[in-house]
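4 protein chains.
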Amino acid sequence: MMKKYAAYGMVGAGLNSFIGNVHRVAAGFDGLAVLAAGCFSRHKDKNQETGEFYRLDEERVYDDYREMAEKEGAREDGIDFVVISAPNNAHYATAKAFLENGIHVLCEKPLCFEVSEAEELKKLAKEKDLLFCVNYSYSGNNMVKEARELIRSGSIGRIIDVNAEYLQEYLVDDIGKGDQTMNKLSSWRKDPKIAGISNCVGDIGTHIENTVSYMTGLRVKRLAAKLDYFGQPLDLNANMLVEFDNGAHGVFCSSQVCVGHMNGLVTRIFGTEGAIEWHEEQPDILYVTKKGQPTQICYRGMAYVSQRSAEMNRLPAGHPEGLYEAFANIYKVWIGAVLKKVNGETLTEKDCDFPSIDDGIEGVKFLHAAVESSRRDAAWVEV
Amino acid sequence: MMKKYAAYGMVGAGLNSFIGNVHRVAAGFDGLAVLAAGCFSRHKDKNQETGEFYRLDEERVYDDYREMAEKEGAREDGIDFVVISAPNNAHYATAKAFLENGIHVLCEKPLCFEVSEAEELKKLAKEKDLLFCVNYSYSGNNMVKEARELIRSGSIGRIIDVNAEYLQEYLVDDIGKGDQTMNKLSSWRKDPKIAGISNCVGDIGTHIENTVSYMTGLRVKRLAAKLDYFGQPLDLNANMLVEFDNGAHGVFCSSQVCVGHMNGLVTRIFGTEGAIEWHEEQPDILYVTKKGQPTQICYRGMAYVSQRSAEMNRLPAGHPEGLYEAFANIYKVWIGAVLKKVNGETLTEKDCDFPSIDDGIEGVKFLHAAVESSRRDAAWVEV
Amino acid sequence: MMKKYAAYGMVGAGLNSFIGNVHRVAAGFDGLAVLAAGCFSRHKDKNQETGEFYRLDEERVYDDYREMAEKEGAREDGIDFVVISAPNNAHYATAKAFLENGIHVLCEKPLCFEVSEAEELKKLAKEKDLLFCVNYSYSGNNMVKEARELIRSGSIGRIIDVNAEYLQEYLVDDIGKGDQTMNKLSSWRKDPKIAGISNCVGDIGTHIENTVSYMTGLRVKRLAAKLDYFGQPLDLNANMLVEFDNGAHGVFCSSQVCVGHMNGLVTRIFGTEGAIEWHEEQPDILYVTKKGQPTQICYRGMAYVSQRSAEMNRLPAGHPEGLYEAFANIYKVWIGAVLKKVNGETLTEKDCDFPSIDDGIEGVKFLHAAVESSRRDAAWVEV
Amino acid sequence: MMKKYAAYGMVGAGLNSFIGNVHRVAAGFDGLAVLAAGCFSRHKDKNQETGEFYRLDEERVYDDYREMAEKEGAREDGIDFVVISAPNNAHYATAKAFLENGIHVLCEKPLCFEVSEAEELKKLAKEKDLLFCVNYSYSGNNMVKEARELIRSGSIGRIIDVNAEYLQEYLVDDIGKGDQTMNKLSSWRKDPKIAGISNCVGDIGTHIENTVSYMTGLRVKRLAAKLDYFGQPLDLNANMLVEFDNGAHGVFCSSQVCVGHMNGLVTRIFGTEGAIEWHEEQPDILYVTKKGQPTQICYRGMAYVSQRSAEMNRLPAGHPEGLYEAFANIYKVWIGAVLKKVNGETLTEKDCDFPSIDDGIEGVKFLHAAVESSRRDAAWVEV
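Read top to bottom, the protein sequences are chains A, B, C and D.
Under the working numbering, think of the first position of the first sequence as 3, with each following residue one higher.
Under the working numbering, think of the first position of the second sequence as 3, with each following residue one higher.
Under the working numbering, think of the first position of the third sequence as 3, with each following residue one higher.
Under the working numbering, think of the first position of the fourth sequence as 3, with each following residue one higher.
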């Protein structure tokens, strides 16, 4: 019998995890996935409490992710996919365990610490014929998809420059504070053992890279980066020149110390025939300009958008969709793909319109290149 | 034993209903309500299909809302509340049936056709000691609550003028088309038998009234309105002067024929000491100006917001919350109140921070006054 | 011999008058007018000082405007036109004196106190075959002209609604202060003997009326207004419903007590086929939307603007033009017309694209209607 | 006797020169400078025509700038200063000639081709005790001065990052067109013999450098730049990393091929305590954010601005000042300084608040560094 609903489990995402809750709401948005198992926290109490709150079978609330992977992999009614929403240092081993037990994986970004690990995961997924999604969530935004469609269709011609940034202010008090952490929320992000070799580029710079790549179809070929640490073990600010595989240049700026910016991901793509601009803080709008013409303020939900944008639309134009809905769009495509896969159907390119393990690998390469370039005083480094 | 989760049913909200889906996602957002019964459509097939999709017990998918009210009222595990998301003409009788069977009611706006009906529902709810929410969803927006807190605390002084509007473009093609309906989506909105005596004021003008009232604590005392019908049976455009119970004046403009506006609810409240401005299309921002000072762009999620805004917050500043989250906030408070009620606890004022039946009554009075004023060539009519 | 340059004189506009200096700079912007005479102030010292600063012939600095009108009218090299930039109560008599002496008149708005005076001036100008400009300066803004061209050409179809406002904050401290004047700068504006029967509508409401009329070609047929006085002798705030001669409705809101607004003249014109929006504080941009299409951000100076906009353009797109340039555009057309007139040439319609005495009359009627309507509790009053 | 008015001459700035007219209007804005001589064009006819239009003495309209410098230098009533608004290649020799003849110089930017020339001019000016202004006009914008005051006073703490750009679209059609010039207006800008070694960085990139330097007091210490030529002899697009003398990093992006941007000079200065943002296209506004606080939209003309901003103010808040007024502010300070100088008075620091020859030298160094860095594949080059 064909499965109509996907069962999923979570690693991480305890009750008070902001991003964990976003995952849970988003996975359930379209009523096609059911939370069935979890290993929500290293803290046994918190793990149990989360499982109880979501009324899971006690036996499917695991204290250890390996146990979870094995047992769920062995159950007839085991989970179809796992969501990994634990700190960065747990990604690789967790993903590996679930793949080895035949379970599809959706993992938070950055995928893992080392490029070799990322490639190993890819190889393993391929061998096991499993799907793997790396949650670059902004590619789920409707108007990011619209930008992709417009660029693919040639609306703005050949891309000649990209100016993209992701600016936040929330770590500005860490400047000059050494190891002391001012902002508890994200203390693990500044610990190399947990976050990896980069904080700012790893957390948000990599979103710039992915969003631009998703929109344009281009990859960063090399980059020249200057990271600022301000006395912290990991970077808080990063400016870089980038060169794309089509020869175009641009800049990527990411920062957690830019006062006045909350979550300022802005991508501006310039082509020979036009330009496209998108702001994550007002995600339902795309600014589209044809050469010599007025800039157009394009709204999600209007009749003039592409078929792809229309089919991913949830609300009439003007009723804002936000971060939850971007995640929900990722899950909509992802769950659709998982269900097709477990039902033995063939996946089309469109079915796979979720951020892939290749995107994850690219992200790891990107952040390694950025850190290395900065160490070498902004010398060009190939990605 | 204390109930931790509320069971709810729906009247209306079949699978393809945009607003029905918003209700369902929002009710489940915080994991505290479970869909348990429904009468989703007058069309038997669609009703069944919706029940099946949500995997309800067959016996709890009802073809008739009266049957549903009676049977659910009689079951030991019956629903705690019903969501009425059917066209306007069904609201009154449906709400009545559920109240009579002891079930709390959350109903879409406008509450009903006649003021007398609205007051009857209020009386009935009181007699039965039941909660009643009328879904003026924008009062769920975090920064609308922030506006309310700021105004209550005296930040902008005594209110002296209000300029509010709700502009849409989507019915512009109906101008001069007589009974012909250009826009299928909302054809019922223009049928007086289903929508009631007003289309534009009833659908969106009433949101202006409620949002302003919620923010300011003021009520519209009288109004002078000019509605435009453009050859249609119901109004498509409405401009009105309003006078509040504190003596302040202002204008409310609502329209479904203003090209360039998608869902343009904008409220601007002017006081002797400052001003507040909010745009539904960018709901996470509040523009706050103190007399003689620069306008401040205030963001949901920042440390400077009020305690109320902070406790209703879901995402870090800059990650957009949208319409689903506004609804989810209404449900969060509503479900909390219902659970307290069914568990025999006492409700505080804060527990009741959802739009009440009094708001619903006020809305019905408001739209009647607007229609009557326009019939009398914009004479003042008391609300 | 053909005159290439116009000689002009000023009544009012002493050295420290902000608006007087704007007139002077604007009149000289294109090098075609020369200041030759003046009666700059009732204060003899200030008058002399101003004349000296501008290096006028001593004998052409007059203590009395009547003397100036007579002597300049009698000189062979007398001024071609006079600029009247004195308080409102001086407009009528001053204009009359110059007309009687055969001198073209450019007068600040509002034209005068009474409609009968306004019509007398029109009659006199006609008898004397003299040009008369009433300085509704926003009609000089390039993109206001562009709006007019677009609307004339049918771009937005038949106009069905107008929403326009002119909001300022600078008198908010006068609320409840009775006769006391908090803001010295404009104390005369609140004195009925000097300002006339209205402060707010007279000073800025009338700009709404004129700008909308200039853009659309429509006239306000009747209005229903509520003016707020807040204990002052003249109005500080005004909300009104308007009905145009084509049957369309709308609202005009003007205020000097709306905190957060500096000089917020905004006109939004809605038609059956599109909409146009203009903000005086960012005057080089016009927002143009065609039905069902994205809003376009149109810039002065681009190749896509109308011929009229192009020929009135001064700077490449993106280099801001402001208030001085709007005045300079009025003067450019006005001086061109005066020179043609004095040289005996025939004036085309385009030559007369400056705000006329008919605009001035309309303005006086408009403000009388607004005051009367408000006295009658917002009853409709014909303009 | 003390001079009250300055006489000036122009080199370049023929009748149809857009920037020439801006200079002329701006120099006359405050009534303190009189055009007395000129060598307006290499084309004899155009030169004569311009002189006649401005009613100059025939003998003071010169066919050769050297002759002009000598004769004006020798006249008792000779010009006090010269404005050089000719193409770049003429700046050095012209400036030198006027300095040698004892005449103060205001010269367009970039100052000249070579750093050695720039330093020679500085030396010469010093020897002759003459003033020299290089027209970085944006430093004349009122709110740029306000930014400078705020930063000087410590409002935003220590500067840690700068993100600035100057984007235009108008040369996008030149891409891939080789020597062919698509846009007549600026053809000389792409001719190395006339424009020098850079087009884009020389014309607009240098404005970024100067505006940031003026606002912050910082100088660019070194830069790593990638210029794009797109088949043209000179650059059309430039992205660069910059490092300031206080150790802060940032990016400067300048472009003439970025569709959707007219004259998009935007400077964003980030400090440890706050941030400041300014947009040339809406120059009367400054966005000021203190750490952890809402962004403030600060308007020119309000009571809360600095004393410096207030004393340079021309219009009440909300009435836009634009490019002409920015130039007029440069001239206001410059003419004041020239008059003090010729009257033998001592100049204070505030008297010299115009862009100096040191700014001009810095600009030439900056563009040389940018071109050299790009030639060396974005290696760091000291400025």
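Calculated from the structure, these hints are not laboratory results.
Be careful, since some hints might not be right.
The list makes no distinction among identical chains, and a pair is therefore deemed to hold if it is satisfied within one copy or across any two copies.
[Claimed, not checked] Simulated crosslink set (PhoX-like; lysine-lysine; CA at most 20 Å straight-line):
1. K343 to K130
2. K292 to K195
3. K98 to K128
4. K5 to K125
Hints and how they fare:
{"no.": "1", "hint": "K343 to K130", "verdict": "within (12 Å within a copy, 52 Å between copies)"}
{"no.": "2", "hint": "K292 to K195", "verdict": "neither (47 Å within a copy, 33 Å between copies)"}
{"no.": "3", "hint": "K98 to K128", "verdict": "within (12 Å within a copy, 59 Å between copies)"}
{"no.": "4", "hint": "K5 to K125", "verdict": "neither (27 Å within a copy, 48 Å between copies)"}
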